[in-house]
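Got chain A; can you put chain B on it based on the hints?
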Amino acid sequence: MKRTKNELNSELLILPDGRILVQNLTRPMAELLRELDPRDRLMASRAKKIRKGI
Amino acid sequence: MARAMLADCHFCAHHCGVNRLAGDRGVCRAGADARFFCAQTEVTDEVELIPTFAIALSGCDLRCDFCITGRESWDPRAGWMLDAVEMAQRARAALAEGARTIMILGGEPTIHLPAVIELVAALPDTARLVWKTNAHGSAQARRLLDGMFDVWVADYKFGNDGCAGRLAKVSGYTGIVQNNLLWAHERSELIVRHLLMPGHVDCCWRPVAEWLGDRLPGVKVNLRSGFWPAWRAGRHAELAGTARADEVRQAERIAGENHLNLVP
Numbered sequence: 001m002k003r004t005k006n007e008l009n010s011e012l013l014i015l016p017d018g019r020i021l022v023q024n025l026t027r028p029m030a031e032l033l034r035e036l037d038p039r040d041r042l043m044a045s046r047a048k049k050i051r052k053g054i
Numbered sequence: 055m056a057r058a059m060l061a062d063c064h065f066c067a068h069h070c071g072v073n074r075l076a077g078d079r080g081v082c083r084a085g086a087d088a089r090f091f092c093a094q095t096e097v098t099d100e101v102e103l104i105p106t107f108a109i110a111l112s113g114c115d116l117r118c119d120f121c122i123t124g125r126e127s128w129d130p131r132a133g134w135m136l137d138a139v140e141m142a143q144r145a146r147a148a149l150a151e152g153a154r155t156i157m158i159l160g161g162e163p164t165i166h167l168p169a170v171i172e173l174v175a176a177l178p179d180t181a182r183l184v185w186k187t188n189a190h191g192s193a194q195a196r197r198l199l200d201g202m203f204d205v206w207v208a209d210y211k212f213g214n215d216g217c218a219g220r221l222a223k224v225s226g227y228t229g230i231v232q233n234n235l236l237w238a239h240e241r242s243e244l245i246v247r248h249l250l251m252p253g254h255v256d257c258c259w260r261p262v263a264e265w266l267g268d269r270l271p272g273v274k275v276n277l278r279s280g281f282w283p284a285w286r287a288g289r290h291a292e293l294a295g296t297a298r299a300d301e302v303r304q305a306e307r308i309a310g311e312n313h314l315n316l317v318p
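Note that the protein sequences, when read in sequence, are chains A and B.
Residues in the first sequence are numbered from 1 upward in steps of one, following this note's numbering.
Residues in the second sequence are numbered from 55 upward in steps of one, following this note's numbering.
For reference, chain A alone in the conformation it holds in the complex (with noise of 0.2 Å):
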């Protein structure tokens, strides 16, 4: 898939027990991960707004 320059990437290895790894983790994509487990203290720092918003 052709990729241009400015668009956002992230790439998820989904586990077969559920667990979830991510690369390039970009805001949207930790809010999109957030709603999977609310409890995830360390995604839901990472999905917080700064600002304006990323």
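Check each hint, because a few of them may be wrong.
What the hints assert, rightly or not - Restraint ranges, calculated between C-beta atoms of paired labels, are given here:
#1 R220(B) / L21(A): 48 to 54 Å
#2 N233(B) / L42(A): 29 to 35 Å
#3 R39(A) / R131(B): 41 to 47 Å
#4 E240(B) / P28(A): 19 to 25 Å
#5 R39(A) / M55(B): 20 to 26 Å
Hint data in this document are derived by calculation from the structure and do not stem from the laboratory.
All figures in this text were calculated on a predicted structure; none of them were measured in a lab.
Glycine residues also receive a C-beta, built at the ideal position from the N, C-alpha and C atoms.
Frame of chain A; chain B shown alone:
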């Protein structure tokens, strides 16, 4: 001056000595111009650094078989030409939108030091700059980098030269990385990262943890347990899966035994 050094390249510890200006290529295969394969605001990194506007330059001097980024990371032809002024504008926009830092990474950014110097010169003076590196740079690279970055995030991937040679095709790894870490710690904030590899807790993580506890007590350490079997990891039986839960627990115990300052 830095660009002229490409005529006899010694930016990384491979010391190829090739003339990149004339089209010759060393281990990293990089030419004279830098390209980037990703530039976006991310929240993946250490919590104290995020959101960070991360600029990932194409090409690397190591060939870690488990490289999570794969081709884009090690292929210097991947991505787009780096225009320092344009990228600095994007970085400024990211800062205005709430990014706390600007991170330059790769691949391995050390192989593109002339372009990095141009880029940093175009960035706002007040920006908090992060250098994300494999810590396999040379003394020449260190001299150019002195005072340029506020924070170094440096990988210490392998605890012995045998694993480094087998998994990343590099020799003399541990001594080179240790020299760079000691140097960086004296001159900037330092965060040391170790990606826990399955099957390498005792041979790699333990000696890394012991050395950090002994030589860099109190340094921030990010022990990352999210290994995934990317790229050519399957060539090595022990790297065919993720780190097991008991390995992660053992690694955390080792961190505790060595009084490491773990950061999220």
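Right, here's what the structure says about each hint:
| no. | hint | verdict |
| --- | --- | --- |
| 1 | R220(B) / L21(A): 48 to 54 Å | 24 Å, violated |
| 2 | N233(B) / L42(A): 29 to 35 Å | 33 Å, holds |
| 3 | R39(A) / R131(B): 41 to 47 Å | 44 Å, holds |
| 4 | E240(B) / P28(A): 19 to 25 Å | 39 Å, violated |
| 5 | R39(A) / M55(B): 20 to 26 Å | 53 Å, violated |
Violation of the numbered hints given earlier is confined to hints 1, 4, 5; the remaining hints are satisfied by the structure.
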